[in-house]
Amino acid sequence: MSSGPETLGGESRKLSSDTAAAGAATAPVALSTSDDSAEPPVTSTSGQTISPASVKRQLPETADVDPEASAQGAAKSDDAEKSRSKRVRPPAPAVKLLPRRYELADPVDMVVLISGMIMELIHYNDNIPLQGGKLTRFHSRTPPRISVGDYLQRITTHATLSPPILLSMVFYIDRLCALYPAFTISSLTVHRFLIVSATVASKGLSDSFWTNKTYARVGGISVSELAMLELDFLWRLKWQIVPQPEDLVIYYENLVKRSDLYALQPETEPSQPPCVENAP
1 MSSGPETLGG ESRKLSSDTA AAGAATAPVA LSTSDDSAEP PVTSTSGQTI SPASVKRQLP
61 ETADVDPEAS AQGAAKSDDA EKSRSKRVRP PAPAVKLLPR RYELADPVDM VVLISGMIME
121 LIHYNDNIPL QGGKLTRFHS RTPPRISVGD YLQRITTHAT LSPPILLSMV FYIDRLCALY
181 PAFTISSLTV HRFLIVSATV ASKGLSDSFW TNKTYARVGG ISVSELAMLE LDFLWRLKWQ
241 IVPQPEDLVI YYENLVKRSD LYALQPETEP SQPPCVENAP
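Terminal number for the sequence shown in full-length UniProt numbering: 280, no gaps in between.
Mixed in with the good hints, there may be bad ones.
Here are the simulated BS3-like pairs of lysine-lysine, each with C-alpha atoms no more than 25 angstroms apart in a straight line [to be verified]:
(1) K96 to K257
(2) K134 to K238
(3) K238 to K203
(4) K203 to K213
These are computed hints drawn from the structure, not numbers from a lab.
Taking the hints into account, I'd like the entire structure generated from these sequences.
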């Protein structure tokens, strides 16, 4: 199996405590358990008499408190606390509304949706050992340096992939994993899968498409390797490469529902024609 050029992973896979005592000077206090320190004398107050008047004189004089002013001050304090909490609270992420028809969606948004889903699959599948240690043509020696999102965006931009083609690549993931148990989407297989699935979907769904030389250059592999991957891909899928439109609708809706960044536009009720009364 050819490992592909360098683009697809040819090289890459105190205790300090304050000892100041109350009423003590700035000199350090020695903590010792052998010497008994003398206790300070305690002045007895049993022979003293304290009258209520003397207690009253000892108490600090306090100004009269206006209940209304106190309530207003508390309200202002609450408002200030709420305003501070609002300023500290991070802004909620904005949710972008996507059209209900996948054909009208922006390919950039489709790349974000699909790459996010694929990354979840990779994080899960990378922890699963290979079944029987078998490798496929899609495996690289080491994970490529380019991220899945950047790689898919590169293919989408330079190969002009449309939303139906991008959704068909998601359809191929389910089909290939079901018909080819040795294959899983992982950090070692995802890049070759993306370029060959984009090539096959473009040829199967579009009236005009690029040559294999263009797809190979965009994907960073040789033309001969792309041809072998394409043939193996078609054979594994039993040449059934055109998904049903309703299947693409389901894939599109599920991708949007599981995303925190997007939501589908609300359904609009069809306008009713005005009622025309019959003339007498």
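Checklist entry - Which earlier hints can't be squared with this structure? => result none
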